[in-house]
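Next come the chains, spelled out residue by residue.
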Amino acid sequence: MAGEVVYLKAERNVEVMQDDVFLKDMAKVYCADSHIAAKAKAIKVHRFSSEEQKRQVFGVLRLIEMIQQACPNVTVENLGETDVLVERVDVNRHKGAVQLCKIVFVACISFFGTAFTIMAFHNDVGISKVFGKVYELVMGQPSPGYSILEFTYSIGLAVGIIVFFNHIGGRRITKDPTPIEVEMRVYEKDVNDALIETADREGKTIDVS
Amino acid sequence: MFLKQLFLGIVGTSFGVFAAGGVFTVLISVGLIPRFAGKMHVSKKVFLFEEAVVLGTLAGDFLSVFERHGRFGDFIIKNQIFGKGRTEEIWYIIGTALIVVFGLFAGIFVGCLALAIAEMLDTIPIFSRRIGFRHGLGIAVLAMALGKAAGSILYFAKAVYLHGGM
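Chains B and G, in that order, are what the protein sequence lines are.
Start counting the first sequence at 1; every next residue gets the next number (my numbering).
Start counting the second sequence at 1; every next residue gets the next number (my numbering).
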């Protein structure tokens with residue numbers, strides 16, 4: 001019997017809600033023979049036993065080994081990642097008062113922190129002196145304190161930030177992700193890489209030996 | 001006159017756009033807010049945090065550029081908003097609370113920013129590799145935090161000594 005080819009696309013990072021981790025949670029599986037695909041998807045890869053153990057790294061070779069044990073005579077092609085980080089999350093982690101407190105906390109840091117930063121920046125560059133000098137250069141007389149410069153500067157600042165962050169009042173201006181969303185993904189990717197590397201170094205990866 | 005005003009307007013707008021670009025590129029590239037959101041597992045609300053960043057900047061801009069109009073404490077005391085005679089006391093409490101909140105969150109932000117910049121330049125990894133230590137990174141970080149706190153307290157110590165902390 002000629003071996004069917006099972007295509008496997010392993011994910012980098014998956015979150016599971018239950019204790020049991022199946023292959024279909026960790027990777028996309030395709031096979032021309034749908035029986036084999038279904039059988040492969042239903043393979044139970046791991047069971048989170050204790051409550052403390054929250055994450056586990058799997059090498060893709062172990063997954064391939066499991067597939068070939070379950071369905072002999074198949075060839076497995078992995079098109080995805082070579083290590084899979086599985087995280088066990090609590091179902092009720094994403095709601096409740098604690099969550100709200102955290103959101104308020106981070107929002108407060110963002111608000112007061114940036115307010116402080118821009119004030120410190122204005123203080124550093126001595127913004128009123130700069131504006132006074134520009135006003136005097138152009139108009140030929142001392143600034144009366146507040147001029148059109150201050151107003152347009154504030155408007156320009158607002159426009160700059162809104163263009164930079166690409167959204168206003170919850171609505172996107174263009175379809176691109178905002179810079180913080182991009183940074184968020186970069187940060188998540190870095191964390192996943194670090195976790196997988198650490199698990200590898202400590203020998204905690206579940207893989208074929 | 002009108003042309004000069006127009007020119008000033010254009011100059012001011014471009015000042016603003018580029019100041020925003022400069023300051024916020026630094027803030028974003030050190031990746032502070034994503035890190036907070038990631039630590040707290042609230043990454044779904046990134047939009048809200050960006051709103052907070054925008055509003056915070058505008059508030060800070062208003063308070064520092066339009067300094068004379070931004071004195072809302074003065075305004076409240078002068079107009080006796082909480083009733084005659086009691087306004088000073090009530091506003092003293094509210095104002096102190098506001099200042100405490102502002103100081104605390106601004107402090108957290110600046111502390112994180114300082115270390116984030118140090119980390120972006122890879123100071124810690126390079127040092128730990130050069131002097132070859134493998135353990136005690138936690139102690140090093142703790143020492144850094146304590147050093148920052150000590151430096152900050154020392155910096156303000158004279159004013160506290162002279163004015164009794166108020």
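No wet-lab data here; the hints were simulated from the structure.
Take the hints with a grain of salt, since some may be wrong.
[Said to hold, decoys possible] Here are a few chain B residues that sit away from chain G, every Cβ distance over 10 Å (derived from the structure):
{"no.": "1", "residue": "Asp20"}
{"no.": "2", "residue": "Lys39"}
{"no.": "3", "residue": "Lys54"}
{"no.": "4", "residue": "Gly59"}
{"no.": "5", "residue": "Cys71"}
{"no.": "6", "residue": "Ser110"}
{"no.": "7", "residue": "Ser128"}
{"no.": "8", "residue": "Gly156"}
{"no.": "9", "residue": "Ile162"}
{"no.": "10", "residue": "His167"}
{"no.": "11", "residue": "Ile173"}
{"no.": "12", "residue": "Glu188"}
{"no.": "13", "residue": "Glu197"}
{"no.": "14", "residue": "Gly203"}
[Claimed, not checked] Straight-line distance between alpha carbons at most 25 Å, and here's what the computed DSS-like set of lysine-lysine pairs gives:
{"no.": "15", "chain 1": "G", "residue 1": "Lys45", "chain 2": "B", "residue 2": "Lys133"}
{"no.": "16", "chain 1": "G", "residue 1": "Lys44", "chain 2": "B", "residue 2": "Lys102"}
{"no.": "17", "chain 1": "B", "residue 1": "Lys102", "chain 2": "G", "residue 2": "Lys4"}
{"no.": "18", "chain 1": "G", "residue 1": "Lys45", "chain 2": "B", "residue 2": "Lys204"}
All residues carry an ideal CB built from backbone N, CA and C; glycine is no exception.
Cross-check of the supplied hints:
With a least CB separation of 23 Å from chain G, B:Asp20 remains clear of the 10 Å interface cut-off, as annotated. The beta carbon of B:Lys39 is kept farther than 10 Å from every beta carbon of chain G, the shortest such distance being approximately 35 Å. Interface exclusion of B:Lys54 from chain G stands, the closest Cβ pair being 12 Å apart, more than 10 Å. Every C-beta of chain G lies more than 10 Å from that of B:Gly59, the closest at about 25 Å, which supports listing it as non-interface.
Annotated as non-interface, B:Cys71 keeps its C-beta farther than 10 Å from every C-beta of chain G; the closest such distance is 38 Å. Residue placement check: B:Ser110 does not keep its beta carbon more than 10 Å from all beta carbons of chain G (closest about 4 Å). At the 10 Å boundary, the C-beta of B:Ser128 falls inside the reach of chain G, the nearest C-beta of that chain being 8 Å off. With a closest Cβ-Cβ approach of about 2 Å to chain G, B:Gly156 is found to fall inside the 10 Å limit, against its non-interface label.
With a least beta-carbon separation of about 7 Å from chain G, B:Ile162 fails to lie farther than 10 Å from that chain, contradicting its non-interface assignment. Residue-level check failed: B:His167 sits 7 Å from the nearest beta carbon of chain G, not beyond 10 Å. Every CB of chain G is more than 10 Å from the CB of B:Ile173 (nearest about 12 Å), matching its label as outside the interface. Not every Cβ of chain G is farther than 10 Å from the Cβ of B:Glu188; the closest lies at roughly 7 Å, contradicting the non-interface assignment.
Its beta-carbon lying about 13 Å from the closest one in chain G, B:Glu197 satisfies the requirement of being farther than 10 Å from that chain. Listed as a non-interface residue, B:Gly203 keeps its Cβ farther than 10 Å from every Cβ of chain G; the least gap is roughly 16 Å. For the given pair, G:Lys45 sits about 42 Å from B:Lys133 by alpha-carbon distance, which is inconsistent with the 25 Å threshold. Note on G:Lys44 and B:Lys102: the hinted pairing holds, with a Cα-Cα distance of about 12 Å set against a maximum of 25 Å.
Of the pairs offered as hints, the one joining B:Lys102 and G:Lys4 is violated, with about 49 Å between alpha carbons and a cut-off of 25 Å exceeded. For the given pair, G:Lys45 sits about 33 Å from B:Lys204 by alpha-carbon distance, which is inconsistent with the 25 Å threshold.
Of the numbered hints given earlier, the model fails hints 6, 7, 8, 9, 10, 12, 15, 17 and 18; all others are met.
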